[in-house]
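Undergrad: Residue numbers (our numbering), protein chains in the order written: chain B, 13 to 549; chain S, 15 to 545.
Wrong hints could be hidden among the right ones.
Calculated pairs, DSBU-like style, for lysine-lysine (alpha carbon to alpha carbon, straight line, at most 35 Å) [unchecked claim]: (1) S:K237 - B:K197; (2) S:K321 - B:K328; (3) B:K415 - B:K80; (4) B:K80 - S:K118; (5) B:K186 - S:K321; (6) S:K49 - B:K167; (7) S:K321 - S:K194; (8) S:K69 - S:K321.
Quick partial rundown of chain B residues pointing at chain S, CB under 7 Å, derived from the structure [what the hints assert, rightly or not]: (9) N41; (10) F42; (11) V112.
Calculated directly from the structure, the hints in this document are not laboratory data. All residues carry an ideal CB built from backbone N, CA and C; glycine is no exception.
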Amino acid sequence: MTAREILSFQFGHYSNFIGTHWWNIQESNFSYDQDHPSDINHDVLYRQGETQRKEVTFTPRLLAVDLKGTLGYLSEQGNLYEECDSEESNSLWENKDLEVVTEPAPAKSPFIQSLEANAGESARKFDLESEVNSWVDYLVPRFHPRTINILKQYKHACTSQPFDIFNYGLNIWKNAQYSEDFCDKIRSYVEECDMMQGFHVILDSTDGFAGFGAACIQYLRDEYGKSILSFPAIDGKSSEPSAANLIKVVNTALCWQSIGEHSSLFSPLCAGTSGWLPSDVPREFANLTYNRDLKYHSSALLATALDTVTLRYRNKAYPASALSDLCADLNKLGRKAAAISLSLPFPMTVKRDLIDILDDFDGSPWTSLTPSCEITTDKNMQSIVLRGVLEERLKRPLHDARKQMAKPAYRCSTVHEMMTMYLAYSCHASATHLTVINEPLKIKNPFPKIFNNNVHANGDIAAWPVGEDVKSVPVMAGLHSGEGLSKMFSSLHDQAMKVKSIKKFHAFQDSGLEQDEYAECLNYLLDCKEAYEDHYV
Amino acid sequence: MAAISLLNPKAEFARAAQALAVNISAAKGIQDVMKTNLGPKGTMKMLVSGAGDIKITKDGNVLLHEMQIQHPTASLIARASTAQDDMTGDGTTSTVLVIGELLKQADLYISEGLHPRVLTEGFDLARAKTIEVLDSLKIPIEPTKEGLLDVAKTSLRTKVHPSLADKLTDVCVEAILTIKQGDQQIDLHMVELMEMQHRTAADTSLIRGIVMDHGSRHPDMPKRLENAYILTCNVSLEYEKSEVNSGFFYKTAEEREKLVAAEREFIDNRVKKIIELKKKLCDGTDKSFVVINQKGIDPPSLDMLAKENIMGLRRAKRRNMERLALACGGVAMNSVDDLQEEHLGWAGLVYEHVLGETKYTFVEDCKKPNSVTILLKGPNKYTLVQLKDAVRDGLRAIKNAIDDRAVVPGAGAFEVAASQALQRFKEEVKGKLRLGVQAYAEALLIIPKTLAINSGFDSQDTIVKLFEESTALGEAVGLDLSSGEALKPADAGIFDNYVVKKQIINSCTVIASNLLLVDEIMRAGMSSLKG
Numbered sequence: 013m014t015a016r017e018i019l020s021f022q023f024g025h026y027s028n029f030i031g032t033h034w035w036n037i038q039e040s041n042f043s044y045d046q047d048h049p050s051d052i053n054h055d056v057l058y059r060q061g062e063t064q065r066k067e068v069t070f071t072p073r074l075l076a077v078d079l080k081g082t083l084g085y086l087s088e089q090g091n092l093y094e095e096c097d098s099e100e101s102n103s104l105w106e107n108k109d110l111e112v113v114t115e116p117a118p119a120k121s122p123f124i125q126s127l128e129a130n131a132g133e134s135a136r137k138f139d140l141e142s143e144v145n146s147w148v149d150y151l152v153p154r155f156h157p158r159t160i161n162i163l164k165q166y167k168h169a170c171t172s173q174p175f176d177i178f179n180y181g182l183n184i185w186k187n188a189q190y191s192e193d194f195c196d197k198i199r200s201y202v203e204e205c206d207m208m209q210g211f212h213v214i215l216d217s218t219d220g221f222a223g224f225g226a227a228c229i230q231y232l233r234d235e236y237g238k239s240i241l242s243f244p245a246i247d248g249k250s251s252e253p254s255a256a257n258l259i260k261v262v263n264t265a266l267c268w269q270s271i272g273e274h275s276s277l278f279s280p281l282c283a284g285t286s287g288w289l290p291s292d293v294p295r296e297f298a299n300l301t302y303n304r305d306l307k308y309h310s311s312a313l314l315a316t317a318l319d320t321v322t323l324r325y326r327n328k329a330y331p332a333s334a335l336s337d338l339c340a341d342l343n344k345l346g347r348k349a350a351a352i353s354l355s356l357p358f359p360m361t362v363k364r365d366l367i368d369i370l371d372d373f374d375g376s377p378w379t380s381l382t383p384s385c386e387i388t389t390d391k392n393m394q395s396i397v398l399r400g401v402l403e404e405r406l407k408r409p410l411h412d413a414r415k416q417m418a419k420p421a422y423r424c425s426t427v428h429e430m431m432t433m434y435l436a437y438s439c440h441a442s443a444t445h446l447t448v449i450n451e452p453l454k455i456k457n458p459f460p461k462i463f464n465n466n467v468h469a470n471g472d473i474a475a476w477p478v479g480e481d482v483k484s485v486p487v488m489a490g491l492h493s494g495e496g497l498s499k500m501f502s503s504l505h506d507q508a509m510k511v512k513s514i515k516k517f518h519a520f521q522d523s524g525l526e527q528d529e530y531a532e533c534l535n536y537l538l539d540c541k542e543a544y545e546d547h548y549v
Numbered sequence: 015m016a017a018i019s020l021l022n023p024k025a026e027f028a029r030a031a032q033a034l035a036v037n038i039s040a041a042k043g044i045q046d047v048m049k050t051n052l053g054p055k056g057t058m059k060m061l062v063s064g065a066g067d068i069k070i071t072k073d074g075n076v077l078l079h080e081m082q083i084q085h086p087t088a089s090l091i092a093r094a095s096t097a098q099d100d101m102t103g104d105g106t107t108s109t110v111l112v113i114g115e116l117l118k119q120a121d122l123y124i125s126e127g128l129h130p131r132v133l134t135e136g137f138d139l140a141r142a143k144t145i146e147v148l149d150s151l152k153i154p155i156e157p158t159k160e161g162l163l164d165v166a167k168t169s170l171r172t173k174v175h176p177s178l179a180d181k182l183t184d185v186c187v188e189a190i191l192t193i194k195q196g197d198q199q200i201d202l203h204m205v206e207l208m209e210m211q212h213r214t215a216a217d218t219s220l221i222r223g224i225v226m227d228h229g230s231r232h233p234d235m236p237k238r239l240e241n242a243y244i245l246t247c248n249v250s251l252e253y254e255k256s257e258v259n260s261g262f263f264y265k266t267a268e269e270r271e272k273l274v275a276a277e278r279e280f281i282d283n284r285v286k287k288i289i290e291l292k293k294k295l296c297d298g299t300d301k302s303f304v305v306i307n308q309k310g311i312d313p314p315s316l317d318m319l320a321k322e323n324i325m326g327l328r329r330a331k332r333r334n335m336e337r338l339a340l341a342c343g344g345v346a347m348n349s350v351d352d353l354q355e356e357h358l359g360w361a362g363l364v365y366e367h368v369l370g371e372t373k374y375t376f377v378e379d380c381k382k383p384n385s386v387t388i389l390l391k392g393p394n395k396y397t398l399v400q401l402k403d404a405v406r407d408g409l410r411a412i413k414n415a416i417d418d419r420a421v422v423p424g425a426g427a428f429e430v431a432a433s434q435a436l437q438r439f440k441e442e443v444k445g446k447l448r449l450g451v452q453a454y455a456e457a458l459l460i461i462p463k464t465l466a467i468n469s470g471f472d473s474q475d476t477i478v479k480l481f482e483e484s485t486a487l488g489e490a491v492g493l494d495l496s497s498g499e500a501l502k503p504a505d506a507g508i509f510d511n512y513v514v515k516k517q518i519i520n521s522c523t524v525i526a527s528n529l530l531l532v533d534e535i536m537r538a539g540m541s542s543l544k545g
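Pulled out of the complex, with its shape left as it was, chain S reads as follows (with noise of 0.2 Å):
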């Protein structure tokens, strides 16, 4: 009897064997969920709720949380692989396959009577033995085009269908070179990713400057302009009487109406100088202003700047502001005394543009814009929001692959590798911890394996193949999807990040270690708190 029961009759609790059982079993469970999602060929899933909604998704994550699986360790996994996404943008799926994969694997041998903490021990050997494997598989690339595009394809070929994929694989690729500076890290945020619920999702493509989801909001403003100067500021010109002065305080309507005028005097002042600004600057040109402000613009000030031909703007969100400095130069200004030329931004073309109650506002043509934005299309919302998520990823696995200046061969490749090099490791390993470097060399395999299954082919068949080839040729061979057969990742361009396959090497098995040695759960809910 477990000491819990002693101390509260009412807890819930499993040993030992039983405990390991429950983890196990969980492990499993979800590892069959999510398997047929793995790679170019695995299946996504179309999650929808009663209400019709519709959530297309092979994301770990989501999967777990709509489909209401509610098992502890299940959610541990899951968490694993959130934070696999939160890191590095890809490889939830791998996360949880590996997780599973190992715990099976320990099954085998902890059922013959071995003790979990040997075999935790052998596992950590392994793992440090995988990322030698790992490091001595690294491919050097250069920030080009040519080296960024395979890895960039080869995320988001898992993400969305082939002919898709190598379109957004162009705007991705193009986006992060446009906004890369020097050898600064890149910062994703400058990418704006915008959606506009029209056409079709092949029609979307990249702007080199920003696009906003709202408009002017005069009937007189111009819709478009070029060769425009663009002011950006966070000044508020929108009159707000002040909470200050209660009601109980007048005595008449006039004495309010005053004291209404004399503040509003203060917001047309500030209107005042950029239309000052403007006239200095255009008048007699054939160039253009555009304010774009953080803040409100109320119907009077809009009136003042739409009487100037001035474009604006209001309440951007907070984030443009710095994107709007970085795409067309110039300052975001706090406060409009002093205003100078050098503290405009330019733009070639500025131009709106209508969708149902949605307004789109385009800034284009920037001189140099370090900031770009996606412009996203779909019919419909639940295809924005995975378009969103691919491009997303696929962002990402760029930035990776810059960061690492390295990818590694994918379609399997290394976990063939790795396996191989293990087996040989193993002979080097004195006593039992031996054999946890077994169970770990036979868990990698599960990537080829269900890449292969999910194509259609026979599993054993496979590993075998890959295994008489690799040793053939003395280097790692991948899976040709399509065939069924050995290829050489680097000729098909297949190629994985470093750090993806990093941190699921090591986050795996940190997490099956635990769940391993796990040897009691308990669940001693205190029965006063529900109600």
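Just chain B, same shape as in the assembly (with noise of 0.2 Å):
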């Protein structure tokens, strides 16, 4: 079975986070059983081949960047690839005249070392909150010598010269030799590829990588012209108010204004409720209890979300739905953002069923994962995935049915059907793609324990503690594209205001942004505001 093939791009710390949660999530959900192949084309997001002694490998088809000194134990090269032994591998030089400077090895995570040691069973307990400091940490899957990429001029966490301004980034995209290096890398990809559908790209937007990502964008436009779906992602951890978070506002403008510009369709990713405003309070899940300011945990909810919306065009029921597809649905008349959100996990309460959740539902079926933004139900663009409830919990049989034959809902057969059903009726004005997969998804170790006590082993939710350690889950996540995003477009171009000159942070205008660019990256925001708002119902 043919795939259409997707590249991944992971640029920045947190976005690695992210992605790295979203390629376990992947693995965990790989089926090895023959029998019963995933409903998942994996085909989508990994790539098959072959190294030197004729192993077969399955690896992501990915292109993860970083700063120094955030890889640890992790080789650059990825330790796939073994490179073949050669006994006189210094050659070059005379090896008296070989001076070695060793830098001690750094400490792996327990996790890591269990996973190494036994690709078995990992029944060990891990503390994987305390353990974490980067995310090789909790790294499951091997890469691609190609993957990693280290972006040699900055080091990470580093006060004295931060990558913390947008220009910086793309200032190291300009430097011919990098890019060409890193353009080769895309091109091997892509030169792979039967018939590419196009690209995710994840990206920091608040510092040095929002640059550098939105000048990998614009390449990737011009040089290949598929469909381009990007999330740029904020961190969403407290922070106290200073002139950082102006330095991070105005590095998200640009990113969006460039991203916005270039790629097909943008959502942008944020576990916290504003994203840039000092008094931000994270999102809410009724059944999830997260810490903010763990990267660790924060990323696992947005890479979920990720996986989920993305099943769209990665299943194995419609080959023919495209990347190209979603995009086209959503962005029309320069809505070009469009709020991601979910729903973990998918309240399916113990013993009942889904016809009886969907009468009982009220408040907001979905959580917004979108910084400064609630989605509505009503005027949306949407493309909603559901995995995990299945048919027998549709409705009762019908010698068995009572009271839910008298709802209009029990004429549907099937999820598909009834969940169209419910979002038609509920969601006024809305035109609503809707995917259903039968598969949970499954639980494994290295996610966060963040299910709260009241949730079975199978996702179910009961109204009293049961203190099950949950295995699999029924998840929704959406892509929605309606009013919710005028204010957060207003929201962030309210904040991009507060520095009114672009002369006070002057690392901005020593890397060349000017202020005439930066006025215009302001009005932008207010015409995306603008393309929003619907006067006309």
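With the hints as a guide, bring the two chains together.
TA: See the structure below:
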């Protein structure tokens, strides 16, 4: 079966946290059972390869970029494609004239150690919350040698020379040598693909990676002309109000302007409510408790949403569905931004059927993961994916139906049908594309333990504590294009307006940003805001 | 108390003598790090990261970044060394050494109360004189193989093992002479460096044609073709569903299929045009046909091409389009309408080579290749990187020599000659400025001194020997690194690039002068920005 390939990018530290969770989630959902193959077409995001020893590999089709000092134990080349041994490897120079400078080997986290020790079940309990310092500490998949790229010019978490300005990233891209190597890696990946459908880009929008990612997206647009779905991410951790926050806002504004122009669709990600306001509170989920200050926690939520929402074009049932369709559905009339929503777990109450649950829903069925944007149910263009609700839980059989018979939804015979009906009735003036997948999201280590103790192993919600380890959950996630986004743009605009003159932040000016460009960027935000306002209904 | 501390009490600052001391000690520090790397007997540094990634280098800028030196002065010097590399491709270590030595010599006089301004003016006089000496030492050369071999060898021997250096010298000189077109500027991009992780560095070779790191993606396509027409084009042969048609607008699956089929036909027509041309030119002859496309070719199109025994490559490197046209002739086409025979290139042999999951395609036996490939081989990634750096520098050295149409004697000969000339020149200079000239003359000797030390000889002995010999012979002499005696560089075939030396003299003087004139260093970080 052919797949329509997607090449993924991760630019920045937080994006790599999200990405790592995403690849881990996918790997937990691999099915090694011949008789029950997965509904998900993994060939879309993964590639099959072969090492020099003729071993078959299955690795993410991914290019990840981070700063120096984040990799820890992980080798840039990856350890999958071990090099052929050679006795005279240093023959390029007299060995006696070789000064060897060795850095101490960094410690591996206990989770990684156990992963390397045995490929089998990791039954041990890990304290991942305190052990995870970097995304490599809970990275399950192994990478192709092309995958990891390090920006050597800057060091991670360095205060004297931070990589915190949009234009710094832009300037690195302009450095011919680096971008040539990077572009060649992109080209090699694309050359392998038969029917590529586009690119996924996750990028940190608050620091220099915003510029680097934006420059890369522009290059992809010029060179390949395929659909590009990008996710500018903001770490929603709490922070003291300071000038650094304003710099982040400026970076975000510049980033959105650039990716809005060049990507097919973008959806800002943040686990906090507002993203850029100092008084930021975390998004609340009824059945989850998570620590907003841990990148490891918040990125898991974002990754779950990404994994679910992209199932629309990653399932085997509808091979013709493509990324370009999704983008075409949502990016009409200059509405390049979309809000992303998540319902984790999708609230299937114990011993009740979907028909009753939908009937009793009150309030919003989803939580927004886009900063400063509430997703209304009305007047949306939306693409929604529901996974893990089985047909058995749809309704009672005829002889046992009782009250359910009276409900109009009783005539629906599939989850897809019933959900479509529900969305049609509850969302006014909306157009919805719904994808339903039977498989639930399997939860395995190193997914953080964030579920409340009233969640059953299969993801059902009980009204009392059950204290089971959650093994799988139903999830719903969606991309929505509607009025709420105008608030997001206006909030970002208001915040960015506080920087009246870019000259105050000389780092921006030194690295090549003009006041005019910034003013133009602010106007762009206002244009976007207006594009989402509906005055006709 | 410095004015800054009135405005910002948290500011850190260093004034006058203290500021100078900071700069000088930084320059000395970085000089010490780099000192051992100079020349063919110098050492390389092998950096092993915590995760086991290896890098072997003597490039000053790389070292500074990798070794996490974060001193502002040191990074200023490192930047001068990077600029040196960008401009000329050689002399990065010398830059660092000379700047360090200029500051060290200056320190002696400044500590005795000389004003830095006087010194820097002296430096400037000395610089002008040194350039004069450099011009007088120029040895004109012709861009022939014999003329270029020596300068390339001198550069490469400081980067790789001598036996390998000699081999690479041949490869590099041949490459440059092949792509050189009359008196036009040489475009080094027309020498493609292709890495192949395979065998050993000694297998590195010159291919008079193009090697690409991708192959055909269809099992039935020919793997080897002789006497081939080459069509290079930038035309999409891949069906792409546009984003214009939203999924909301189809009523049925059939409707959608119909639209897809109609769009598909558009691509098929392009492929048919190529096939038509192939039939016209090749059918009934022993000629064959290769399509190299910068855009994609999807499986149905590949299938059509394979049926006609056409080899099709997709997603060629953008720069290879230009290279292919130069190597094989023909033009890179942006449309397949009106394809003619004169648009096509020609190659005697096109074949594929598979290594692990990577395919390589060789386009060889071109009639008059104006673009060539150096195929770098090495057992592992870091060897390849090291090799690539070396070859790049070798190519640059040859290009510099051709551009200058001259070389200068190496092995420290120029520095010795310049130092002697400056000592004589000093007598003509009036006033305290002569101290600057004196310091400059001393500082230049750091190059032969370091060469001597790195080869295991005494630096004073060597300098004295060189001075005596040079005075006796009345011409520039350099140091023989194997015997420690003086030699004539021209006899030993040791030559440096004129432009490299000129750049070193100019940039080192400027940087050193700037550092000397610094009288206050302050750091007023906005503490609120952290976090």
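Undergrad: Are the Cα positions of K69 of chain S and K321 of chain S separated by 35 Å at most?
TA: Roughly 47 Å separates the two Cα atoms, so the pair is violated.
Undergrad: Can we keep the N41 of chain B interface hint, with Cβ of chain S closer than 7 Å?
TA: Violated. Min distance 25 Å.
Undergrad: Has the given pair, K321 of chain S with K328 of chain B, been kept, meaning a C-alpha gap of at most 35 Å?
TA: This hinted pair holds, its Cα atoms lying about 30 Å apart.
Undergrad: Holds or violated: K49 of chain S and K167 of chain B, Cα atoms, limit 35 Å.
TA: 26 Å, holds
Undergrad: Does the alpha-carbon distance linking K186 of chain B and K321 of chain S stay inside the 35 Å limit?
TA: 43 Å, violated
Undergrad: Has the given pair, K415 of chain B with K80 of chain B, been kept, meaning a C-alpha gap of at most 35 Å?
TA: 63 Å, violated
Undergrad: Just to be careful: measuring from the Cβ of F42 of chain B to every Cβ in chain S, is the smallest value less than 7 Å?
TA: The hint is violated - F42 of chain B has no Cβ within 7 Å of chain S, the shortest such distance being about 21 Å.
Undergrad: Please work out if K80 of chain B and K118 of chain S have their alpha carbons no farther apart than 35 Å.
TA: The given pair, whose Cα atoms are some 33 Å apart, holds under the 35 Å limit.
Undergrad: Would the hint on V112 of chain B stand, with a C-beta cut-off of 7 Å toward chain S?
TA: 5 Å, holds
Undergrad: Would you mind confirming whether the straight-line C-alpha gap from K321 of chain S to K194 of chain S stays at or under 35 Å?
TA: 40 Å, violated
Undergrad: Take the C-alpha atoms of K237 of chain S and K197 of chain B, compute the straight-line distance between them, and say whether it is at most 35 Å.
TA: Holds, because 24 Å separates the two Cα atoms, which is no more than 35 Å.
The structure is inconsistent with the numbered hints 3, 5, 7, 8, 9 and 10, although it conforms to all the rest.
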